[in-house]
Each structure stands twice: as C-alpha cells, then as structure tokens.
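So you can see what is in the structure, the chains are spelled out below.
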Amino acid sequence: MSDGGIGVFICSWGSGKDPKLDMDGLLSFASGIEGVALVKMIDRICSKPGQKEMIAAIKGSGTDRFVVVACSARTKRKLYRHIATSSGLHPLAFEVASVREQAAFVHEGPEAQRKAETLVRMAVEKVRLWVEPPFEEEMPALRNVAVLGDGLMAMAVANEIMAQGLTVDLVMSGGSPKGSPPYIFSNQDEMDRALRSMAEASSDPRMTTIKNASVLDFQGPPGDFGLVLDVAGEMVPLRCGAVVLAPEPRMELRTIDGSPAPSAQELIARGLRRIVILPSGASSGIGCSCMTPRGTLYALSLVDAAPGIEVSLMGREARAMDWMEGLQRLAQEKGIRFFRIDGEPKVEGHAPTVITWRDPLLGDMRLQADLLLLDTVLTPEVQSLAKAFDVPVDEKGELLSIDSRLRPGETVRKGVFAARFRVGNMLYEDMALEAGSVAARALEMLSMGTLEVGGAVAEVDQEKCSACLGCLRVCPYSAPMIGQAGKAEVRMELCQGCGACVALCPSRAIDIYCFSDSQIVAQSRAALGKVR
Amino acid sequence: MIIGEQKRLEEISGMLDGHRGILIAGCRSCVAICLAGGEKEVAVMAESLRLISSLRGKGWEIEEAMVERQCEKEWVAELRPRIEGKDCVLSLACGVGAQTVQAMYPRVRVLPGLNTSNMGAPEESGIFVEKCGGCGDCVLHLTGGICPIARCAKSLLNGPCGGSQGGKCEVSPDTPCAWEEIYHSLESLGRLDLLEEPIPPKSWLPARDGGPRRIVRKEAVLTEEQKRLKGGKA
Amino acid sequence: MNRVAIIGGGVAGLSAAISLERRGVPSIIVEREEALGGLCGELGCKGVERCVRCDVCLARDMVAQARSSPLIERLGRAELRSVSGQPGDFRLAIRVGGQGHRLVRAAVIVCATGGEPFDAHLDKRLGYDELADVVTSLDLERQLSAEGRFLVPSTSAPPKKVAFILCVGSRDERFNTSYCSKACCKYSFKLAQGLRAIDPGCAITIFFMDWRLYDPRENVRAWASGDSGVRLVRSRPAEVLLGEDSRPEVRFASEKDAIVEVEAFDAVVLSVGLRPARSAAELARTLQVETDAHGFLRSPKGEPCASTRPGVFLAGTCRGPKEIVECVKDGAEAASKAIAFMGGVG
Amino acid sequence: MMRILAFCCERGPGEAIDLAGEKRMRYPADLTLIQVPCAGRVDVAHLLKAFREGADAVVLVGCLEGNCHHIYGNIEGRKKVDRAKQILDEVGLGGQRLEMFHVASNQPFRIAELAAEMASRVERLGPNPLAVKE
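Chains as they are written, first to last, in the working numbering: chain A, 1 to 532; chain B, 1 to 234; chain C, 1 to 346; chain D, 1 to 134.
What the hints contain is simulated information worked out from the structure, not anything from laboratory work. For each residue, glycine too, the CB sits at the ideal point set by N, CA and C. None of the hints are false.
Some chain B residues judged to face chain D by a derived CB distance under 8 Å, without partners named:
#1 R8
#2 L9
#3 A43
#4 R50
#5 L51
#6 S54
Construct all of the structure, not just a fragment, from the sequences and the given hints.
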C-alpha cells in the first residue's frame with residue numbers, strides 16, 4: 001500500500017488543443033479521492049520545464065507513486081519512467097490516465113468529463129495497490145554469440161556479428177558440409193567471392209570454429225547462457241550471451257540413384273544426349289515443385305559446353321527473380337525446353353526413362369530421357385537442435401520463429417534466435433539479408449552490455465502452490481520451473497509478463513507485478529462506479 | 001491423484017436452498033491439480049452462486065475458505081473459526097474431504113460440490129484419465145504395466161473382447177483398448193510369453209466387494225500408553 | 001555527433017530507426033508526409049478473427065515505437081533539398097513545412113524513400129479509367145483500412161463475385177517493368193483471404209501467371225482447394241470491358257482449350273506492381289548514388305542495403321520491390337551497416 | 001446509462017484505442033476500457049465479478065489469432081470467455097452479455113463497432129438485473 005500518499009499530476013494539454021475537458025474540474029475531483037496526498041496542474045508535462053516542475057513536486061511531497069492525467073500512455077511511457085527514476089521512485093511506480101485519447105477526443109461534452117473522471121479514478125485505484133516489483137536493474141550480457149549451423153547462412157550470421165565487434169563461437173555438427181549451398185548466385189564469381197569471404201571469416205581471431213559438435217546441455221539466463229558440447233566424445237563447455245540457430249538445407253541435382261549430376265564432358269563420354277530435370281517436390285513431395293533457376297543454370301552450363309545436348313525442365317511454377325527473368329528467355333533461345341506440370345508425372349523405365357504427364361492444353365505428353373535429374377533438397381538435422389534448445393518446430397520441420405508483432409528471427413526462448421531458410425529460390429542476397437537481420441536482433445539484445453530483467457513479471461507464492469505444473473504447461477516461454485522446494489518458481493529472466501499462468505493457476509498462487517489480480521478488480525470496480 | 005469434477009450449478013443451487021450462511025471450502029491438493037476445487041475454482045463458484053443468489057433472491061451469504069488437504073483432521077480443524085455461524089459447508093474437495101469436514105463438524109450440514117470420479121493422471125494439460133480401479137490386488141506385473149481393471153471397460157482379466165475398432169474401445173471412441181495397449185507394452189518389453197498363461201479368476205475380497213477397507217501400519221499407531229502420556233490429542 | 005539521418009518514414013525507415021535506438025544510436029527521420037508509416041501505413045488489416053499474416057500492422061506498431069523513443073527525432077512534411085560534406089560528416093539541407101529550412105548534420109544517411117505503386121491508368125485495356133468497379137489493390141486496401149470492408153464503388157453494395165488480376169504493371173515490357181514486383185502475389189492472396197473472411201458469400205477468382213510466394217508456409221493452392229469460394233485461373237486477361245448489366249467483364253484465354261472466355265464480376269481488383277518513385281532519379285543525384293536498369297537505387301551484388309557510395313545505405317522498396325517483412329529486415333540490416341560504418345559504437 | 005466494461009490487451013487493441021482517439025472516432029461513453037498485458041491475463045473470476053459489480057455487458061478484446069505478441073494469449077483469453085459464458089447461461093444472466101473481440105492495431109473502427117454491437121445487445125437484453133436491485 002502507499003504510505004507516502006499518491007501524487008496526481010494533470011497536464012494542461014491533456015484535454016487536447018480545443019480544450020473540451022474541464023481540467024480544473026479534474027483537479028478538484030482528484031483531490032477529493034482518499035489517499036491522494038498531492039494534486040498539481042502542470043503546463044505540458046513532456047516539455048523540459050514541465051518535467052523539472054513535476055520532479056521537484058514529487059521530491060518535495062514524499063509521495064511514493066503518482067498518476068499522470070494526460071495524453072496517450074503509449075508515446076510517453078519512457079518519459080514517465082525517466083521522471084519516476086529522476087525523483088527517486090521506482091521506474092514503474094506510476095499509472096497513466098489517457099484522458100485525451102480515451103475521453104476528450106472520442107466523447108462529447110459532459111460524457112467526456114465523466115469518462116475522464118472515471119479514468120482518473122481507475123488510475124488512482126490501480127496505483128494505490130501497486131507493489132514494488134523485484135527489479136534487478138541490469139544483468140550482465142556477454143558480448144559473445146554461439147552460432148550453430150554448417151552452411152553459408154551460419155557463416156554469414158557470424159560475419160555480421162563480428163563486423164559489429166562481438167566474438168562468435170561457430171558450432172558445426174559435421175565437418176565440411178556435403179552438397180552445394182542452396183542459394184542462387186548470379187554468376188560464378190559471386191559464388192567464389194562468397195566462399196572466399198567465408199574462408200577469411202573462419203580465420204578471423206574473433207571467431208572460434210568447433211566442428212563435429214552436438215549440444216548436450218543448455219542452461220542459464222539470456223545474456224549468460226552456458227552450453228555443454230560433445231565434440232567427438234569430449235565435453236566442451238561454452239558461455240555466450242545469445243544463440244543463433246542457422247540450420248541450412250543443401251540442394252543438389254542428383255540422378256535417381258542418388259549420385260551427383262554429371263558434368264557435360266561425362267554426359268558426352270557416356271553418350272547421354274536427352275536430359276530431363278524434375279523438381280524435387282514433383283517426385284518426393286518435399287521441397288518445392290517449381291522450376292528453380294538452379295536447374296536452368298545447370299542446363300545452360302550443359303548446352304554451352306556441349307551443343308548437341310537437349311535439356312528439358314519440368315515444374316509447376318517458373319520461379320525467377322529480377323535478373324533471372326532474362327535467364328529463362330536466354331535458356332529458351334538456346335533450345336532448352338520448359339514444360340509446365342501440375343502434380344506428379346509418371347516416370348518409368350531406365351535408359352531411356354519415359355516421363356508421361358497431362359498438359360492442360362496439349363493433352364497427354366510423353367518425353368524420353370537418357371538421364372533424369374532430380375533437384376533434391378537435403379533437409380538439415382533440425383530435430384536435435386530444436387530439442388537441445390527447447391524451440392518448437394513447425395509442420396514443415398523447420399524451426400518455428402515468432403513472426404508476429406515485429407519479432408522475425410526470435411524464438412519463444414528469449415536469447416535464442418533462428419535464421420530461417422526459405423525453400424524455393426532463395427537468392428544469395430536474400431540469405432545475406434536474413435542473416436543480417438537475425439544477427440541484428442541478437443545484437444540489439446546484447447549491444448547495450450546489460451539486460452533489463454524483472455519489472456512487470458510473475459511471481460509464485462510458494463505456500464499456496466500445489467505444484468500442479470499448470471503454469472509450466474501454459475507458459476509459451478517456459479519461464480516457470482519446479483524449484484528445490486518442489487514448488488513452482490518463475491524464472492524472471494525468461495518471463496515476459498503475459499500473465500497466462502496467473503489466469504490459469506488453480507491455487508491462485510501466482511500473481512504479476514503492475515497487473516495484479518487485486519489491481520484489475522480495483523480498476524473494474526472504479527470503472528463501474530462502485531468505489532465510494 | 002484423485003480426480004473430481006464440479007456438479008452442475010443447477011444441482012448445487014438446489015442443494016443450497018433453505019440455507020443462509022454458506023462456506024465454500026476448497027482443497028489445495030488433488031482437486032486443485034485437476035482444476036475442480038482449488039482456490040481459483042472456489043472463487044469462480046462463489047461468484048456464480050452470489051450471482052444466482054442476487055438474481056433469484058436466495059439470500060445466501062457466501063464465504064470462501066481453503067484447506068491445505070481436506071482429508072486431514074488437523075488441516076480441517078483450522079476451518080473452525082470460519083465455520084462459526086454458518087449453517088452449511090459446500091465442500092469442493094473430493095468425497096473424502098467432504099466426509100472429513102462433516103465428521104468434525106456434526107451440526108453443520110456438508111454438501112458435496114464435486115462428483116469424485118477416479119484415481120488417474122493428467123494425459124495432457126486439462127485432460128484427466130482414469131488409471132487405477134483400487135482393486136486391492138494389483139496385476140500390473142502380468143499386463144506390462146497397464147491396468148485391465150480400470151482401463152478396460154469390461155475389466156477383462158484375459159482380454160481383448162474383440163469389440164474394439166481402430167484400437168479404440170467399443171464403449172467410447174476416446175478410450176484406447178487396454179488389451180491392445182497391454183499387447184504392445186509386453187511386445188516392447190519382450191514378454192509376450194506372459195499372455196500365454198491365462199490370469200486365474202480374481203478374488204474381489206480385497207476390492208470394494210469385501211466392504212470398506214482399512215489399512216493399518218502398526219509402527220505408526222500410538223499405543224494407548226503413548227496416547228495417555230501425550231494427553232489424548234490423537 | 002555521430003547520428004544517422006533516415007530519409008523516409010515508411011516501414012523500412014522506421015525499422016532502421018528502431019534498430020538503431022535499441023542499440024543506443026540516435027537518429028532523425030525526414031518524412032515528406034505529415035504522418036509516419038509510408039505506403040504500408042495506408043494499407044488495411046485483412047483479418048477478422050484470424051491473422052492472415054499480411055504484416056501491414058507492423059507499420060502501426062513501429063510508428064508507435066518510434067514516437068515513444070527519445071532517441072528518434074521525427075521531422076514531418078520535410079523534404080531533402082541537398083546533401084553536402086562527405087561520408088562520416090554529411091550536411092543535409094531540409095525544407096520543413098514548405099517554408100523554413102533546416103540543416104541536419106549526420107555521420108550516415110539511410111535512404112528509405114520507398115517505391116510507387118504502378119499507375120493502373122497506363123494499362124488502358126484493363127479499363128481502370130472508364131469502369132468504376134475496376135479498382136487497384138491499393139484502393140481496396142484503403143477501404144479496408146478505413147472501414148474494414150469492401151463495397152462495390154458503383155452500387156456501394158457488398159460484392160458477391162470479385163476477380164483479381166495479377167501482374168498488372170509487372171513483368172510487362174510495354175511499361176519497361178520487365179521484373180517481378182515480388183510482393184503483389186502475397187498481397188493479392190492476403191486480400192482474397194481477407195474478403196473471404198469478411199464475407200464468406202463473396203466468391204473470388206484469381207487470374208495469375210505464376211505464383212511467386214517466397215515463404216513456403218504461404219500455400220495458396222492448399223487454401224484454394226480447401227475453399228469452394230475460390231478459383232485459380234492460370235491466364236493473363238487481355239482486357240476488361242463494360243458488360244451489358246454494367247458490370248465489368250473480363251476476357252481471358254481459357255485454361256481448358258484454345259478459346260476466349262468472357263466472365264462478368266461485381267468488381268475487378270488489379271494487383272498493381274511496384275515501380276521506382278518518380279523522385280528516384282533526382283534523389284540518386286542528390287545522394288550521388290547509382291540507380292539500376294529499372295530505375296531503383298542500386299545495391300552492389302551480394303551486399304544488401306549498401307549503396308554505390310560509402311556512408312549511404314538503402315533500405316526497403318527504394319532499392320527494389322519487396323514484401324513488408326523484408327523491408328523490416330532491410331531496416332535492421334541498414335542499421336547494422338550504418339553502425340559498422342561509424343566504427344561499431346552500438 | 002449503460003455500463004460496458006472492456007478488458008483490452010494493451011498491444012494490438014491498446015494501439016487501436018489510441019488510433020481511434022487520434023482519428024476522433026466517436027464511440028459511446030458507456031464503454032470503459034481496462035488495459036491488461038495480454039488477453040490471456042484475464043480469468044473467469046474477473047469476468048464474473050464485473051457482472052456482480054453491475055456491468056451490463058463485459059468484453060474481452062484481444063489481438064487477432066496468430067498475431068499475439070505472447071504467442072497464444074488471445075486463444076487463452078477466448079477459452080476463459082467461453083467458460084464464463086457457459087456459467088452465465090447456467091446462472092440465468094445469459095452468456096450474450098459477454099463477448100470476445102479481435103482487434104488489430106490498425107483497426108480503430110473496430111472499437112466503435114464492438115461498442116455498438118454490445119450496446120445493441122444490452123438494449124435487447126435489458127440492463128443488468130443486479131444493478132436494478134441496488
């Protein structure tokens with residue numbers, strides 16, 4: 001409860017430019033509320049003089065919490081936190097009554113005034129029951145990131161992080177990755193430049209590479225994770241501030257029996273003239289069923305090297321991006337044929353393999369091929385990563401990142417990020433962009449050197465907890481756990497204050513700071529005019 | 001744990017007719033875990049009954065109280081100050097809890113707010129499934145750790161009955177056929193040989209049919225001498 | 001005073017400003033319009049109860065974050081006139097509110113001025129000029145943003161049959177836009193989902209050439225096959241004429257056999273692509289950066305968000321057509337590159 | 001004077017409320033909004049207690065499903081509303097007086113729509129009988 005009394009500060013601009021609200025009326029209304037020790041009208045609280053005046057008033061009055069009656073809380077929340085700390089109070093020791101946006105601008109005359117009074121009443125009743133949350137100011141954040149992945153994406157993320165002055169531990173599950181990177185390079189030298197820059201990165205002193213490693217254990221709060229790796233039988237500990245998961249599928253043109261696509265010389269040597277390239281989705285149902293430019297680029301390399309070769313590409317969609325639009329026309333001019341198929345073509349026989357399908361316009365089609373190549377996707381090993389870091393996997397078997405509300409790249413585990421590969425024709429540039437933006441999210445978390453923990457988070461009253469595990473099951477962030485006492489405990493560094501556990505707890509053992517059950521009930525009573 | 005489910009509000013308000021001072025007593029152990037009688041459910045029940053009382057002019061005065069474990073005399077004894085002046089207690093604990101409260105406060109009528117259902121476990125968050133029938137003569141060692149008494153609708157000792165469809169019991173599509181699960185469990189344990197030996201007919205004396213059961217652990221029972229020396233409090 | 005000047009307050013510029021703010025770097029946003037949010041801020045939410053992930057509300061979320069941050073200064077109705085100085089210490093002359101001038105000093109410039117939707121009037125055959133019920137996806141978006149539903153312009157009644165025509169002004173050499181605008185496949189799919197959610201009685205037909213949805217989870221075929229009110233026709237309509245019952249009629253090559261089909265709809269939505277902003281050429285001169293063959297500001301190959309001049313970075317649709325989420329990623333990438341350029345302060 | 005109490009998630013709907021203010025979108029003053037961190041924060045007891053305190057209608061406003069900052073808080077909220085509606089039907093007050101709405105941060109017109117919808121329901125169902133008895 002409030003011992004020093006509640007301060008109510010009314011911003012003269014709170015009623016909007018054409019002042020419909022009687023701010024003086026609000027002043028006298030607020031001073032009549034029991035427990036309000038100080039009421040003050042201030043001209044434009046958000047202005048420098050306004051802030052000084054308010055800070056001085058709070059310091060002078062000994063109140064330990066206040067209500068701001070002004071415009072929307074949303075745009076000024078950081079300012080009010082600053083005012084609170086500058087006057088020696090807890091940064092969350094205030095409540096805002098947005099009388100401008102929720103009364104003056106949306107209601108008429110007397111109704112607006114009555115709504116404003118209700119909003120003030122609700123804010124006072126809520127802040128009256130405010131309890132100082134355990135606000136561990138700043139937790140240290142290690143300026144080192146563990147990046148897990150074997151391919152170019154992991155390298156690109158590591159590169160971006162090192163460019164910003166942090167160190168990186170690159171953890172690879174295997175030795176050197178099989179197959180070719182799944183990205184589309186505009187030409188050979190771009191591919192070489194990419195591979196060269198990755199090679200330089202691995203020699204950068206700020207990055208240590210650990211090969212053939214799998215994750216045994218993952219503990220600790222965001223900003224100070226402790227990993228234990230199994231590197232060829234040996235246990236290797238690793239500490240880092242954040243983790244970026246960058247599993248990357250490999251793609252490869254393969255024959256049906258799985259061997260890689262032969263070069264032009266081999267084809268001539270083996271007298272194979274008619275080549276057909278099928279998308280991986282068409283035959284195996286995974287990956288996509290489109291004519292990706294990878295097949296087109298390979299076909300062009302064949303036709304250039306050995307004019308006699310006849311290449312046909314099949315697929316449902318013609319996927320291409322800016323400069324690749326021209327690629328398709330160039331391929332057609334060089335005699336490479338494109339066939340559209342909807343669904344599964346029938347493939348029979350061997351040397352020649354006969355492919356039959358139904359074309360919506362041309363009817364039943366037959367094509368003979370000396371060699372059939374499949375654009376196959378080698379999906380990366382995601383399950384073990386997902387299990388080790390407790391990150392969910394979606395129905396396509398890819399790491400699930402939270403895409404809603406401006407959180408691309410984040411996962412439900414705070415401090416664990418996921419760089420997602422998009423099947424189809426991800427350009428090398430698309431990959432560099434995804435790697436850059438996921439690295440940026442990790443840097444946003446670590447770059448300030450400290451992490452704010454606590455504030456409006458949940459806390460368990462161990463006496464009342466029946467250890468029913470309900471909170472563990474409902475929390476999207478797995479913040480609650482069962483502590484030594486056999487009762488539930490909420491790990492403050494993981495809790496993001498959504499309150500789902502509080503609403504579920506059958507024993508009412510959990511409550512949340514700044515939005516406690518009693519505060520919500522008090523606000524409802526004030527809103528319904530039931531407060532004396 | 002013991003699993004229970006709340007009675008419908010209509011039935012409860014019917015029971016409460018003619019009473020004025022009502023105390024709703026919840027329990028913090030089993031029924032809290034199965035979301036039937038914890039502090040949250042007591043609050044919701046209280047709100048619902050107060051709404052009914054105001055809407056239909058029943059004049060009930062409803063108070064809420066929690067007991068750590070309503071089947072323990074010592075915990076229930078703590079209710080004494082809250083029960084003063086009440087003419088009935090609506091117990092949201094399992095049947096054991098309700099009976100313990102009634103035994104300790106003979107002049108205050110105790111009404112059961114729950115239908116106690118079975119001994120079981122949460123299958124997932126919010127779904128509670130019967131696992132043990134309390135037959136007093138366990139055969140799990142013969143059935144790969146799956147109880148045919150509780151989890152087979154016909155409690156067959158040498159099933160399956162052959163009526164299951166798609167691995168689900170003919171009685172209800174949600175209930176897996178226990179005997180099919182027993183088969184698979186024994187298969188993975190590599191002990192399908194246990195199925196070759198039929199389980200002999202079972203004596204139901206240790207079960208409910210032998211009358212209410214009483215289990216005594218002598219070493220924990222205070223002797224008369226000890227009770228006298230301690231001053232009579234059990 | 002190492003500060004970042006961000007030209008353009010759309011989704012990309014806001015993302016850059018917020019990413020910089022989270023890493024302790026101050027920035028100033030120079031926005032031509034009164035309000036922040038850019039083109040994306042004018043678009044409307046297409047969900048009723050379920051979110052269809054069109055990401056349009058990201059603009060609103062980011063405007064709120066930018067306005068609540070003391071590290072981000074915002075100049076509304078402000079236009080960049082000239083840039084002097086050199087990378088690391090630029091001087092930007094900015095005309096504010098149509099009369100005053102203001103000089104802004106910044107170590108780095110992030111250009112996020114965005115592109116422009118294709119002007120559907122240019123494609124005469126699709127009848128955008130004469131037929132009131134032929135609207136662009138942008139018109140539809142603005143109505144959704146204002147009222148949350150779509151009414152047929154001529155009858156102002158809810159439509160029962162709507163057609164979408166994709167690739168209007170994209171992959172079309174007549175208008176020197178021989179590229180794929182990448183975002184309109186996604187937004188037409190989302191708009192169609194929105195119309196179906198708002199009024200299940202409204203049947204949708206989508207005329208498309210290729211489906212280019214870059215996120216594998218966006219499966220338009222699975223959605224269409226699961227929803228009887230949706231029909232996908234692989235055909236690029238030739239023209240849209242006024243039918244006798246004054247409803248727009250679409251003439252297109254049938255999928256089944258080589259004949260021309262004609263079908264009337266209550267409304268036809270032209271899914272317009274994206275073109276470089278009209279001011280792109282002049283902006284390129286001001287910033288002394290190069291543009292690419294189509295007129296977008298050019299990022300060197302393999303270096304997303306960089307420009308051809310050190311100290312100037314590009315984010316969003318000013319450097320090529322893209323989806324909203326990619327603009328957000330551009331912003332974060334441009335902020336990272338800006339911080340690296342300023343010596344890695346954040 | 002009608003009394004409609006709305007529990008609003010402060011992320012999506014909270015933003016829409018401010019936007020409605022900025023755009024001067026009128027809505028009946030009977031609607032009073034309480035901001036909570038997420039729709040999943042409100043539990044059945046809060047919803048029922050509001051009716052006992054005399055609310056004619058109660059509304060839970062969450063973000064659109066799939067767009068919740070806290071992953072599935074809005075789905076949790078809907079489960080609580082469904083349970084509370086069932087109890088209100090059994091009690092006799094009628095579950096119609098309680099509803100869940102989904103509002104995105106750029107749908108300010110939805111606030112006025114949900115206020116009008118609930119106001120029309122209260123006109124149809126009449127004021128909260130408990131308030132009348134007071």
